[in-house]
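Just so you know, the protein sequences line up as chains A and B, in that order. Here the numbering used here is used: the first residue of the first sequence is 53, the next is one more, and so on. Here the numbering used here is used: the first residue of the second sequence is 401, the next is one more, and so on.
It should be emphasised that the hints constitute simulated quantities derived from the structure, not laboratory data. A few of these clues could be false.
[To be verified] Below, a sample of chain A positions facing chain B; criterion: calculated Cβ distance under 7 Å:
| no. | residue |
| --- | --- |
| 1 | GLY95 |
| 2 | GLU96 |
| 3 | MET97 |
| 4 | PHE99 |
| 5 | ASN153 |
| 6 | LEU155 |
| 7 | PHE157 |
| 8 | ALA159 |
| 9 | ARG164 |
[Stated by the list, open to error] Using 30 Å as the maximum straight-line C-alpha spacing, the simulated BS3-like pairs for lysine-lysine come out as follows:
| no. | chain 1 | residue 1 | chain 2 | residue 2 |
| --- | --- | --- | --- | --- |
| 10 | B | LYS457 | A | LYS166 |
| 11 | A | LYS122 | A | LYS55 |
| 12 | A | LYS55 | A | LYS154 |
| 13 | A | LYS122 | B | LYS457 |
| 14 | A | LYS154 | A | LYS68 |
| 15 | A | LYS122 | A | LYS68 |
| 16 | A | LYS125 | A | LYS68 |
| 17 | B | LYS409 | A | LYS122 |
| 18 | A | LYS68 | B | LYS409 |
| 19 | A | LYS122 | A | LYS154 |
| 20 | A | LYS166 | A | LYS68 |
| 21 | B | LYS409 | A | LYS125 |
| 22 | B | LYS457 | B | LYS409 |
| 23 | A | LYS125 | A | LYS154 |
[To be verified] Residues from chain B that face chain A, not an exhaustive set, calculated with beta carbons under 8 Å:
| no. | residue |
| --- | --- |
| 24 | SER402 |
| 25 | GLY442 |
| 26 | PHE445 |
| 27 | ARG455 |
| 28 | LEU488 |
| 29 | PHE490 |
| 30 | SER497 |
| 31 | PHE508 |
Glycine included, every Cβ here is placed at the ideal spot set by N, Cα and C.
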Amino acid sequence: AQKITQTQPGMFVQEKEAVTLDCTYDTSDPSYGLFWYKQPSSGEMIFLIYQGSYDQQNATEGRYSLNFQKARKSANLVISASQLGDSAMYFCAMREGRDGNKLVFGAGTILRVKS
Amino acid sequence: DSGVTQTPKHLITATGQRVTLRCSPRSGDLSVYWYQQSLDQGLQFLIQYYNGEERAKGNILERFSAQQFPDLHSELNLSSLELGDSALYFCASSVGSGGPSGANVLTFGAGSRLTVL
Numbered sequence: 053a054q055k056i057t058q059t060q061p062g063m064f065v066q067e068k069e070a071v072t073l074d075c076t077y078d079t080s081d082p083s084y085g086l087f088w089y090k091q092p093s094s095g096e097m098i099f100l101i102y103q104g105s106y107d108q109q110n111a112t113e114g115r116y117s118l119n120f121q122k123a124r125k126s127a128n129l130v131i132s133a134s135q136l137g138d139s140a141m142y143f144c145a146m147r148e149g150r151d152g153n154k155l156v157f158g159a160g161t162i163l164r165v166k167s
Numbered sequence: 401d402s403g404v405t406q407t408p409k410h411l412i413t414a415t416g417q418r419v420t421l422r423c424s425p426r427s428g429d430l431s432v433y434w435y436q437q438s439l440d441q442g443l444q445f446l447i448q449y450y451n452g453e454e455r456a457k458g459n460i461l462e463r464f465s466a467q468q469f470p471d472l473h474s475e476l477n478l479s480s481l482e483l484g485d486s487a488l489y490f491c492a493s494s495v496g497s498g499g500p501s502g503a504n505v506l507t508f509g510a511g512s513r514l515t516v517l
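One chain only, chain A, in its complex shape (with noise of 0.2 Å):
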């Protein structure tokens, strides 16, 4: 089964507009991380945003944010004033406590910013 979907495999935006990157995960273990990260095509991944499950709050760095809907098993990342360099893949991953040693990530969603 499927531990990590992003159903959406493309996504337009205008800059200076908000964008939401859906992604539902599936896990029976109460103790899970949820992360962001960013492929730009110059290929690096780089982190953006972590959510632990026991986190009261949705994490917030910068213009990221994640809408974290526990009960659904969603991890949503809302990008504010979107730029033309947030024009990337972008990948949900996540770390269960049972197996903490693997990331697990889901097949991205390609985000393209109009000017």
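For chain A, the structure is supplied; the task is to place chain B on it using the hints.
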């Protein structure tokens, strides 16, 4: 610059050959992880070392092997290469050995792109 150094950046070789990919983790990080990114499989976890010892194994083929040396750098050896091994190979490092905590965020290198002809 993430602080994780991978060499070579690009590698082109023929089927049946053997290659070695090298990774130096970020200063202070004890764990090294290897991931393979291909178009059909996405990002797949291969193997993890923590302070010189193998800690976790993922979808790593028997033709592949890795090790972490006392200075904490790691090498991924790929042998009897096949066309399907063409991929981007990432090394990542973290301070700790694992767990879901945000304290163990993986920092990735720029990757080594392997092309098997």
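Results for each hint:
Because the beta carbon of GLY95/A sits about 5 Å from the nearest beta carbon in chain B, less than 7 Å, this interface hint is met. Because the closest C-beta pair between GLU96/A and chain B is about 5 Å apart, less than 7 Å, the hint holds. Evaluation of the MET97/A hint against chain B yields a held restraint, the C-beta minimum of about 4 Å falling below 7 Å. The beta carbon of PHE99/A comes within 5 Å of a beta carbon in chain B, closer than 7 Å, and the hint placing it at the interface holds.
A least Cβ separation of about 4 Å between ASN153/A and chain B falls short of the 7 Å threshold, and the interface hint therefore holds. Interface hint at LEU155/A: satisfied, since its Cβ lies 6 Å from the closest Cβ of chain B, which is below the 7 Å cut-off. Residue-level restraint check for PHE157/A holds (minimum Cβ-Cβ distance to chain B is 4 Å; threshold 7 Å). Interface hint status for ALA159/A: upheld, as the beta-carbon distance to the closest one in chain B is roughly 5 Å, under 7 Å.
Taken as an interface hint, ARG164/A does not check out: its beta carbon lies about 19 Å from the nearest beta carbon of chain B, beyond 7 Å. At roughly 41 Å between alpha-carbon atoms, LYS457/B and LYS166/A are farther apart than 30 Å, so this suggested pair is violated. Distance restraint check for LYS122/A and LYS55/A: the Cα-Cα separation of roughly 15 Å lies within the 30 Å cut-off, and the hinted pair is therefore satisfied. Between LYS55/A and LYS154/A, the direct Cα distance comes to roughly 12 Å. Compliance with the 30 Å bound is thereby established for this hinted pair.
In summary, the hint linking LYS122/A to LYS457/B is supported, as the alpha carbons are separated by about 29 Å, within the 30 Å threshold. Simply put, LYS154/A and LYS68/A have alpha-carbon atoms about 35 Å apart, too far for the 30 Å limit, and the pair is violated. About 29 Å separates the Cα atoms of LYS122/A and LYS68/A, which keeps this hinted pair within 30 Å; it holds. At most 30 Å may separate the alpha-carbon atoms for a hinted pair to count; LYS125/A and LYS68/A meet this at roughly 29 Å.
For a cut-off of 30 Å, the pair hint linking LYS409/B to LYS122/A is broken: about 39 Å separates their Cα positions. Note on LYS68/A and LYS409/B: the hinted pairing is violated, with a Cα-Cα distance of about 34 Å set against a maximum of 30 Å. At most 30 Å may separate the alpha-carbon atoms for a hinted pair to count; LYS122/A and LYS154/A meet this at roughly 21 Å. Pair hint LYS166/A plus LYS68/A holds up; C-alpha atoms about 9 Å apart against a cutoff of 30 Å.
A distance of roughly 37 Å separates the Cα atoms of LYS409/B and LYS125/A; the hinted pair therefore is violated under the 30 Å criterion. For a cut-off of 30 Å, the pair hint linking LYS457/B to LYS409/B stands: about 24 Å separates their Cα positions. As the CA atoms of LYS125/A and LYS154/A are separated by approximately 19 Å, the hinted pair is consistent with the 30 Å bound. The beta carbon of SER402/B comes within 7 Å of a beta carbon in chain A, closer than 8 Å, and the hint placing it at the interface holds.
The beta carbon of GLY442/B is positioned within 8 Å of a beta carbon in chain A (closest approach about 5 Å), and the interface hint is therefore held. The interface hint given for PHE445/B is met, as the beta carbon of that residue sits about 5 Å from the closest beta carbon of chain A, less than 8 Å. A cut of 8 Å between beta carbons decides the hint on ARG455/B: the least distance to chain A is about 5 Å, and the hint holds. At a threshold of 8 Å, the smallest CB-CB gap from LEU488/B to chain A is about 6 Å, leaving the interface hint in force.
Because the closest C-beta pair between PHE490/B and chain A is about 6 Å apart, less than 8 Å, the hint holds. For the restraint placing SER497/B at the interface with chain A, the shortest Cβ-Cβ distance is roughly 7 Å, inside the 8 Å limit, so the hint holds. The restraint placing PHE508/B at the interface with chain A holds, with a minimum CB-CB distance near 4 Å, inside the 8 Å limit.
Going through the hint list in order, the structure does not satisfy hints 9, 10, 14, 17, 18, 21.
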